[in-house]
Structures are given as structure tokens and as C-alpha cells.
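Please construct the entire structure, taking both the sequences and the accompanying hints into account.
Sequence lines, in order, name chains U and E.
Sequential numbering from 2 applies to the first sequence in this note's numbering.
Sequential numbering from -17 applies to the second sequence in this note's numbering.
Below, a list of computed lysine to aspartate or glutamate pairs in the EDC-like style, where the Cα atoms sit at most 20 Å apart: (1) E/Lys(-9) x E/Asp53; (2) E/Lys84 x E/Glu4; (3) E/Lys(-16) x E/Glu(-5); (4) U/Lys151 x U/Glu169; (5) E/Lys(-16) x E/Glu87; (6) E/Lys(-16) x E/Glu4; (7) U/Lys81 x E/Asp12; (8) E/Lys65 x U/Asp58; (9) U/Lys81 x E/Glu57.
Okay, the calculated beta carbon distance ranges per label pair: (10) E/Glu66 x U/Ala18: 26 to 36 Å; (11) U/Trp167 x E/Leu88: 55 to 65 Å; (12) U/Pro112 x E/Lys84: 29 to 39 Å; (13) U/Gly170 x E/Asp53: 48 to 58 Å; (14) U/Gly170 x E/Gly89: 49 to 59 Å; (15) E/Glu2 x U/Asn160: 48 to 58 Å; (16) E/Thr77 x U/Glu4: 20 to 30 Å; (17) U/Glu4 x E/Glu66: 29 to 39 Å.
Since the hints were derived computationally from the structure, they do not count as laboratory data.
Just so you know, even glycine gets a beta-carbon here, dropped at the ideal spot from N, CA and C.
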Amino acid sequence: MRELSLHILDIAQNSIAASASIIEIYIDENSIQDRLTIRIADNGRGIPQHQLAQVMDPFFTSRKTRGVGLGLALFAQAAKGAEGELLIDSNVGTGTTVTATFRYSHIDRAPLGDLAGTLLGVIMLNPEVEVVYQHTCLERTLCIDTREIKSELGSIAINHPAVMNWLEGFVREGIDDLYGGE
Amino acid sequence: MKVTELVDKLELEVVAGPFEREISGIYVGDLLSNVMARAQADDVWLTVHGHQNVVAVASLTQVAAVIVVEDFPIEPAAVQKAKEMEVTILRTPMTASDLIRKLFELGL
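Below you can see the structure in the form of C-alpha cells.
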């Protein structure tokens, strides 16, 4: 996938397929340590221990209608190709955490891509799922939690067009600010 | 053109296979998700990757053969999987562009 945001979307879709009610997306851009970390944690049904070793095997997945797809295999390859790695920690009944690391400045590291669009897409299509988005660039952090937004909204749906419109502006501006935007 | 014919004419190294298939086109790309979307069945697919994900994508797209260019290393797991899945993997020291010129000369 051309952009890392597409991998995030893919993993978030796995979480939703695993009946997660909370998805946490962490992005840490540490240009000083030259490390990029992306972590997607959910409280879905989890992956049984005996399948955990197989989920990055593209043949375990692409041939079966169940579960994961080629997504994890490609995400792992993207991380390895940029001097990083992909780790999966999962417990049945508790959830799954996928962590990908990259050398931030590696020439083959894919760009992060449209993170705002990815986040908004996940929220819009899964209004019943709680999404936490935490994005850090050195000393600046953007935190978004749909539970906080929903408590402000009261009975208005979070994917109401007017809310999404506001949220899009909020997220895009928030991400721009991380990079020292005006 | 048949896979074995191509191997002979271009002196390609056979890494897995060859499983005989008719080749009808060429696809070049290293972004696997894009290859999944764009490669056509019966293409020869030129790539620098030697990971087993290549075998998965080749199997999904039903390409006639994979040619790893510039003598890039191919992981043993990929070779093993290719044999199981009957995916032909070939290799050449040529760059993709040099190889494509030769493929054109052969009428592909």
C-alpha cells in the first residue's frame, strides 16, 4: 500500500471484524530517535494463541474467508523494508494490539498519507465504535476520543454530516498543528 | 509464449517451477497492493521482491510467472511456498528495463 494510513485502515477493519467496541490508534513520529511507531489496539475477540504465529503468513489468510487477509503480511513487509518490525500481541477475549515500527527517515518508508481521512472514515462508518486517536510529533500531541465528542453531542449522531464536517476540520487542523502549521 | 520458452530464450534462472503456462502480457511493480489490483492473469510479473508475499500475490492474480530482476535474493520460504502453490519464480541479473526490452523483442 502506498501510504501507511491505508494499513491503519486495514487493521482497523480487522478490529471491527473482530467485534471490537474500542479502537485506539497511536502514532508517534520521533524524528530525533529516527523512529516511527504505529500502534492499533482493540478490545475485539482476539486471536487464539495457536493462530498467532500464522497471521502474518499470507497463505493462512488469503485463502480463507475468516479473519485477517494479506493486510498484516503487507504491513509487516512495509515495516521490515524500513528497518522496523511488526509485532502482534493478542489475547482471546481481551483484544489485539498491532505495533509497527519504522526508521523514520528510511528512504523506503511509505509516507503516512491521509491520516485525517482514514480516521474520519473509520468513525463515519462505525459510529457505534469508540475511537481514540493519539498522534505525537516530538513535544506535540493530538488526542481525539469519540467518547468525549459523543458526550458533548448528546443525542446527535457522531456521523451526522454537520458533525463530520466539523470533525474533519478539527482533525485536519490538529494534525497540521503537530507539524508546526500556522 | 510459454514459460519454458522464455526461460530458454532469455537464459533465466529457474528458482521454482517452471509450471508451464502461456504468457500473454507484462506487469512491472513492487508495490504489492497495487500489483494485486493491476496485474492481469497470464502476465509475467517483474519485481525486486523475494518475499513470500510475492507468491501470495502471484497466486491471487494468477500471473503466469514471477521474474525477480537484478538478482535480488529470494527467501527460502518463498521458494518453498511457490513450489506448493505451483507459482513459477524465475530470476535474472538484468534490470527490469533491460528485461522488458528483450520481452518486447520476443513479441510480448
